[in-house]
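Trainee: Assemble chain B onto chain A, guided by the hints.
Chains as they are written, first to last, in our numbering: chain A, 1 to 243; chain B, 244 to 500.
Just to be clear, a hint being listed does not mean it is correct.
Restricting the straight-line Cα-Cα distance to at most 25 Å, the calculated cross-link-like pairs of lysine to any residue (SDA-like) are [claimed, not checked]:
(1) B:Lys409 x A:Pro68
(2) A:Lys106 x B:Gly407
(3) B:Lys409 x B:Leu419
(4) A:Lys112 x A:Pro65
Think of the hints as simulated: they come from the structure by calculation, not from any bench.
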Amino acid sequence: MLEVEIVKARRDFVVEVALRLAPGQRCAIFGASGAGKSTVLSCIAGFEVPDRGRIGFAGRCLFPPPMPLYERRLGYLAQRDLLFPHLSVAQNVCFGLRAPDEAARKWLGELKERLELAPIWEARAHHISGGQARRVAMARMLAPRPELVLLDEPFAGMDWATVSDLLTALMQWHRQLNFSLLAVDHRSAILRRLCPQALVMEQGRIVQRGAWEELAAAPATPLLARLLASADLSSAPESAPAR
Amino acid sequence: MPARWWPRLLMVLFALALLYPLAGLMAPVGSWRWDGEVPGSTAAAVRVSLMLTALALLIDVVLGTPVACYLARCRGAELMMWEGVVLIPVLMPPLAMGLLLATAYGPRTAIGAILMRLGVPTANSPTAFVATQVYVSIGYYIVTARAALAAVPRDLQDIAGLLGAKPNETFRRVTLPMARLGLAAAVSIAWLRALGEFGAVIVTAYYPAGMPVQLWINLQNAGLPAVMPLLVIFLITALPLPWLIHTLAQDRLAQEH
Numbered sequence: 001m002l003e004v005e006i007v008k009a010r011r012d013f014v015v016e017v018a019l020r021l022a023p024g025q026r027c028a029i030f031g032a033s034g035a036g037k038s039t040v041l042s043c044i045a046g047f048e049v050p051d052r053g054r055i056g057f058a059g060r061c062l063f064p065p066p067m068p069l070y071e072r073r074l075g076y077l078a079q080r081d082l083l084f085p086h087l088s089v090a091q092n093v094c095f096g097l098r099a100p101d102e103a104a105r106k107w108l109g110e111l112k113e114r115l116e117l118a119p120i121w122e123a124r125a126h127h128i129s130g131g132q133a134r135r136v137a138m139a140r141m142l143a144p145r146p147e148l149v150l151l152d153e154p155f156a157g158m159d160w161a162t163v164s165d166l167l168t169a170l171m172q173w174h175r176q177l178n179f180s181l182l183a184v185d186h187r188s189a190i191l192r193r194l195c196p197q198a199l200v201m202e203q204g205r206i207v208q209r210g211a212w213e214e215l216a217a218a219p220a221t222p223l224l225a226r227l228l229a230s231a232d233l234s235s236a237p238e239s240a241p242a243r
Numbered sequence: 244m245p246a247r248w249w250p251r252l253l254m255v256l257f258a259l260a261l262l263y264p265l266a267g268l269m270a271p272v273g274s275w276r277w278d279g280e281v282p283g284s285t286a287a288a289v290r291v292s293l294m295l296t297a298l299a300l301l302i303d304v305v306l307g308t309p310v311a312c313y314l315a316r317c318r319g320a321e322l323m324m325w326e327g328v329v330l331i332p333v334l335m336p337p338l339a340m341g342l343l344l345a346t347a348y349g350p351r352t353a354i355g356a357i358l359m360r361l362g363v364p365t366a367n368s369p370t371a372f373v374a375t376q377v378y379v380s381i382g383y384y385i386v387t388a389r390a391a392l393a394a395v396p397r398d399l400q401d402i403a404g405l406l407g408a409k410p411n412e413t414f415r416r417v418t419l420p421m422a423r424l425g426l427a428a429a430v431s432i433a434w435l436r437a438l439g440e441f442g443a444v445i446v447t448a449y450y451p452a453g454m455p456v457q458l459w460i461n462l463q464n465a466g467l468p469a470v471m472p473l474l475v476i477f478l479i480t481a482l483p484l485p486w487l488i489h490t491l492a493q494d495r496l497a498q499e500h
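Chain A with its partners taken away, still in its complex shape (with noise of 0.2 Å):
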C-alpha cells in the first residue's frame, strides 16, 4: 500500500496532496502542464523532500525521514530517457541488478525480446534513437521487478504507433508484476489506457478523484472539462494499431 500526505511549497503554489494506493492498483494524476504532478512523483521518488507529511510504501517509511533512494526499490521513467551514456545498452537495463539468477535472466530476455532490444544490445546509449532509449530504459525500470512503478509522462514526443505499443507491454507486464502504477500526464487518452481512475489536480491540489467516466460525466472545474474535451478530440493510442 502507498500512502501519501505531503505539503511541498513551490515558487508559485503550494503543492497539498493524499493519496493511497492498495497493491496493484493503478492510479493516474491528471492535469494541465504545471498543476504540480510531477512535484508528487518526485517527492515519492526521493528526489524532491516534501516540507511536511508523510510517505509510506508497503510498510516502509520513506519520508520522514527522507528514505535513501537506493532503498526505495521503486520504478520512475520520466520524460527524458535518463540513460547512463557511458554504458552500452546491456549494461544501462542490468544496472539495477544484483548478481542476477535464472529467473532475473529468463525476465531480462523477455524484456530484451519484447522491446526489441537485441539489435542494439551491445550498443553504446548515446548512440541509439530517442525511441530506442525510451525503450531501454523502459527495460531497465522494469528490470529489477519494482513494487511500484511511476511514470512521469514518458510518452511525451513519440508517435501513438510506439506510445500504444509500449502501453500495450507495460499493461501486460502490469499482469504479470501486479506492481502498483502512478502515471502523470496530461494527455487523457494515455493515462486512460494505462489506469482506470485518475486524481485531478489543478494549483498544486486534489480537485476530483474517480473513474474517468465519472470525471467525464460530471468535471469539477472549467479547466478539467476543457482538458478532457480536447483530450476527445485528439487522435488517442486507442485507436493506433498494436503491434
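Mentor: Frame of chain A, contents of chain B only:
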C-alpha cells in the same frame, strides 16, 4: 572557398608566434655543457621533481577529490564562499605563496618547531617541497575537478540511486566514468602546475632542488649552455602527460558526439 584562406593564414601566424619560443632550443648559446657536475645534478633534479611531484599529485587527488565532490553539490552562497577559499592559492603570486608558507610553517614558527621535533623539517626538505607543490597545485585540481563532477547530470545519479546503487557505487559506476575526461584534465593541470613551480619552491625548498630550481642554479653558475640539456629534459617530462591526456580526451569526446 575565398572566405576561408585568410582566417587560416591568421591562425598559422598566431600558431607560429605561440610556438616561436621553442626556437630558443636552437639558439646559438654555444656548445651545450654536459660535464662536471651537470649530469649528476641534472639526474638528481629530474629524480626529485618526478618522484616528489608524483607524491604531491597523489595528495592533490586524495584530498582534492572529496572537496571537489562536495563543491559539485554546493549551490548559491555556500558555493561562492568555498570557491573563493579554493581560488586564493590559485590566484596568489607564487613568490608570495612561498614567502607566506615559509612564515607560516618555517622552523621558527610553532607548527614548524613541533614538526621539526617530530623529525619533519619544514624548510629545505622533501616535505617542504611536496607541501609547497600541494599548496600551489591543489586549487587548480579542485576547480577543474569540481567543474567536471558538476557537469554530470544530477538526474542520472538519482536514477542510479533509485536502481539500488549506494552513493559510493553511484560515484564509481556513474559519476567517475562520466567525469573522467574532466578529472584527467584536472590531474594534468595539477601535474604541470606542481612540476613547473619555481617561485614558491625556491623560497621553501631550495634543496632538494627540483628541475625548475636546478635550471636556475645552472643558469646562475654556468650560463645557458648548462641550462639547455636540463631544459630539454624538463620539457620532455612536463609536456607528454598533459598533452597525451588532452589528446585522448578530445579523441574520446569526438567519438562520443
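Trainee: Hints the structure violates: just list their numbers, smallest first.
Mentor: Failing hint: just 4.
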